[in-house]
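Number of protein chains: 2
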Amino acid sequence: MNAEIIAIGSELLTPFRQDTNSLYLTERLNLLGIEVIFKTIVGDNREHLTGAASLALSRAEIVIFMGGLGPTEDDLTREAVADALGLELRRDPEIVAGLERRFAARGWKNMSANNLKQADVIAGAVVLPNANGSAPGQWISGKYEGEEKIIMLLPGPPHELKALFDEECMDRLRAKLPPQFMATRVLKIAMMSESQCDARVAPIYKRYTDVQTTILAGAGEIQLHLKTRAGSLEAAQERVDRLAEEIEEELDDNVFSDNGDSLEQIVGYYLQMRNASLAVAESCTGGLLAERITSVSGSSRYFLGGAVVYSNQLKTAFADVPAELIEKHGAVSREVAAALAEGIRQRCGSTLGIGITGVAGPAGGTPEKPVGLVFIALASEKGTEVAERNFPGDRNRIRFFASQLALDLIRRKLM
Amino acid sequence: MNAEIIAIGSELLTPFRQDTNSLYLTERLNLLGIEVIFKTIVGDNREHLTGAASLALSRAEIVIFMGGLGPTEDDLTREAVADALGLELRRDPEIVAGLERRFAARGWKNMSANNLKQADVIAGAVVLPNANGSAPGQWISGKYEGEEKIIMLLPGPPHELKALFDEECMDRLRAKLPPQFMATRVLKIAMMSESQCDARVAPIYKRYTDVQTTILAGAGEIQLHLKTRAGSLEAAQERVDRLAEEIEEELDDNVFSDNGDSLEQIVGYYLQMRNASLAVAESCTGGLLAERITSVSGSSRYFLGGAVVYSNQLKTAFADVPAELIEKHGAVSREVAAALAEGIRQRCGSTLGIGITGVAGPAGGTPEKPVGLVFIALASEKGTEVAERNFPGDRNRIRFFASQLALDLIRRKLM
Chain A
16 MNAEIIAIGS
26 ELLTPFRQDT
36 NSLYLTERLN
46 LLGIEVIFKT
56 IVGDNREHLT
66 GAASLALSRA
76 EIVIFMGGLG
86 PTEDDLTREA
96 VADALGLELR
106 RDPEIVAGLE
116 RRFAARGWKN
126 MSANNLKQAD
136 VIAGAVVLPN
146 ANGSAPGQWI
156 SGKYEGEEKI
166 IMLLPGPPHE
176 LKALFDEECM
186 DRLRAKLPPQ
196 FMATRVLKIA
206 MMSESQCDAR
216 VAPIYKRYTD
226 VQTTILAGAG
236 EIQLHLKTRA
246 GSLEAAQERV
256 DRLAEEIEEE
266 LDDNVFSDNG
276 DSLEQIVGYY
286 LQMRNASLAV
296 AESCTGGLLA
306 ERITSVSGSS
316 RYFLGGAVVY
326 SNQLKTAFAD
336 VPAELIEKHG
346 AVSREVAAAL
356 AEGIRQRCGS
366 TLGIGITGVA
376 GPAGGTPEKP
386 VGLVFIALAS
396 EKGTEVAERN
406 FPGDRNRIRF
416 FASQLALDLI
426 RRKLM
Chain B
16 MNAEIIAIGS
26 ELLTPFRQDT
36 NSLYLTERLN
46 LLGIEVIFKT
56 IVGDNREHLT
66 GAASLALSRA
76 EIVIFMGGLG
86 PTEDDLTREA
96 VADALGLELR
106 RDPEIVAGLE
116 RRFAARGWKN
126 MSANNLKQAD
136 VIAGAVVLPN
146 ANGSAPGQWI
156 SGKYEGEEKI
166 IMLLPGPPHE
176 LKALFDEECM
186 DRLRAKLPPQ
196 FMATRVLKIA
206 MMSESQCDAR
216 VAPIYKRYTD
226 VQTTILAGAG
236 EIQLHLKTRA
246 GSLEAAQERV
256 DRLAEEIEEE
266 LDDNVFSDNG
276 DSLEQIVGYY
286 LQMRNASLAV
296 AESCTGGLLA
306 ERITSVSGSS
316 RYFLGGAVVY
326 SNQLKTAFAD
336 VPAELIEKHG
346 AVSREVAAAL
356 AEGIRQRCGS
366 TLGIGITGVA
376 GPAGGTPEKP
386 VGLVFIALAS
396 EKGTEVAERN
406 FPGDRNRIRF
416 FASQLALDLI
426 RRKLM
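Protein chains in written order, with the numbering used here: chain A, 16 to 430; chain B, 16 to 430.
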């Protein structure tokens, strides 16, 4: 089957915002073997929207509308799709009651009348509950000009759309499809360049002509996506697993995950497995490393906390870095990184301590200590190791690279 | 005038690649007062492409095709646009000669025949030289079904497209336009719901029928984009400024920025203006607040640092929160938030101190202290205030809301 995705919102026709939801939906649709043949981006304009809806219905089997389901005057998706289908909108009393409960639960009074728009349902549509927002989705399955169509109206905010699509639409779509089997596998690799990685793995994946291999490169991380289809799930899985195994053998411990887990999750698993705890003292990353580690639910089991020591005084106050050491070597130095890691480990009583200091830029660089220079230290009971790197890119990229290498150092230490 | 942008390439219909050229073109077109009313993404399929071209010609005054001009079998833009227009393709001997020179200059022999496709020109088109690649662009200006249309065929690689559009298309477009000028303004609002905000500002912006107002809502932040055109830049600017002023009067100090600055930047300006410094003690946000503050270059001038105090021991060790206080009220409490803020302020010697404690979830909630409950304290020499909130959403969203409210408390304190 094929699909058209329509992203709705005048903001998506400005230079400032871009539809990204469709990438997620495409991935999910591809998993089911559904191909996306058109994407259309249309503003909050009823005539344009109705026209785009009619056209999509005439050229695709599945049409997915994203956005324009909120309470404002601009939100016109329900009206336009109803127009295109020649169907009525009906106000659903259950949704109205739900909206009222939602408002009451937040202690808000006087729900404004425009909120009730969100209770309008196209005749014959199934209402798809939205656990994360006030506007529900809608699913319509029926004939349009004599042909079977599936139509979905989904909310625009990414966290609402993703949860609703996964929980309400995937099974409904699957039930409409002929049985077929797809297997996928994702390998994640830390701190390797794309060309280095590809040079080593291309000779392997090129032999697997039945498996689609896609390389995605980000800051300090490469992902290899493997995908294949076969007559049975076992046969498909066997093919991607065999290729994954060959690649893992070649790249060895550069592969940190083969099941989708993030580097922060993997570090969490290792820390728990070794019954170890972690504390961090961050200068140039400014809390990013702690933020990434604590983005994992349950991280309090192994992450004690740490210090963001932007000023030299705090390097001394929170991580016991001697003021003379900073004076002698400078705040951005191998010695201060080591002292940060050792100091925070002692202070917090953790198994491992991380210290990071560097020049994130754009200002503050010197010929000896240029923007991008970062020292990352890992202290344990056996001693302290310090990595020195010159990371490319802007402030955000340098900070991310530094946090990524810190996580990778911990992983390798515990492996 | 209005435009439709058509991005061509099957890779743009996968989960891994996205059209970004259109953001650049939109910015340039908006500068000329041209509005983008549709964007379409279509694969390398002649029938789909011809259909998309015919449709765009029927609904937009300017149609820009990007991509599909290369030498491979997949490159079908010239053929499809010629079909849609009912015009012939003619092989241009000058382009052929140029391709041959280009090949010879690189020392390549035997230019393969498919390269000659790039010399095919739609009857009546102006050839737009491409300084950065082998495929030239094309410009067509004429009637389609009785209406004046402008059609551009541009290469897909971003550096080729941008240079060619700026050098060859901007002046040609300007010559077709009545003199007009566009002015824009962006207002940013913190910690208000979209429906609350819209209910208050819709009566105002609806009176400005000549100004286009777009609402963008994110976690804890709303942006109002105002845009208008007029006969002179002054007249256009005056209209958006007057609307902005009315909205700012209505929303008062809920508006934190009217020039595009982020909340973390605004907080930085205020801290510098007041010659004040800041330190933070974060539990549930795990470093996110520090990370956001330090994402601004130059933040070391006002941000001293802080502590990520995930464990109770560290709340005592780094922010002097008495163990008995945690014992008595629990780590997630008004009292502990206040003690964190006061403790970190004392420890770091900063003007202001922030303390955050809460339940980010998904685990750890109880009936009395559910997931989403967050206490945020701001301590100054005049005392300590504590905000209590029940934030909706998942772990990431709750953490972001908490960091956003903390920044907004600081802003309001310093205003």
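It is possible that some hints are incorrect.
Chain copies aren't distinguished; within one or between two, either way the pair holds.
In silico DSBU-like cross-links for lysine-lysine, where the CA-CA straight-line distance does not exceed 35 Å [unchecked claim]:
hint: 1; residue 1: Lys397; residue 2: Lys158
hint: 2; residue 1: Lys397; residue 2: Lys177
hint: 3; residue 1: Lys132; residue 2: Lys397
hint: 4; residue 1: Lys221; residue 2: Lys177
hint: 5; residue 1: Lys428; residue 2: Lys343
hint: 6; residue 1: Lys191; residue 2: Lys397
hint: 7; residue 1: Lys343; residue 2: Lys177
Rather than coming from a laboratory, the hints here were simulated on the basis of the structure.
Tested hints:
1. Lys397 to Lys158: Cα proximity of Lys397 and Lys158: none, with 70 Å in one copy and 68 Å across.
2. Lys397 to Lys177: This pair counts as neither: shortest intra-copy Cα distance 45 Å, inter-copy 45 Å.
3. Lys132 to Lys397: neither (64 Å within a copy, 46 Å between copies)
4. Lys221 to Lys177: The answer is both: 33 Å in one copy and 33 Å across copies each meet 35 Å.
5. Lys428 to Lys343: Within one copy only: 30 Å inside a chain, 39 Å across chains, cut-off 35 Å.
6. Lys191 to Lys397: Cα proximity of Lys191 and Lys397: none, with 59 Å in one copy and 65 Å across.
7. Lys343 to Lys177: This pair counts as neither: shortest intra-copy Cα distance 53 Å, inter-copy 41 Å.
Hint check: violations occur at hints 1, 2, 3, 6, 7; the rest are consistent with the structure.
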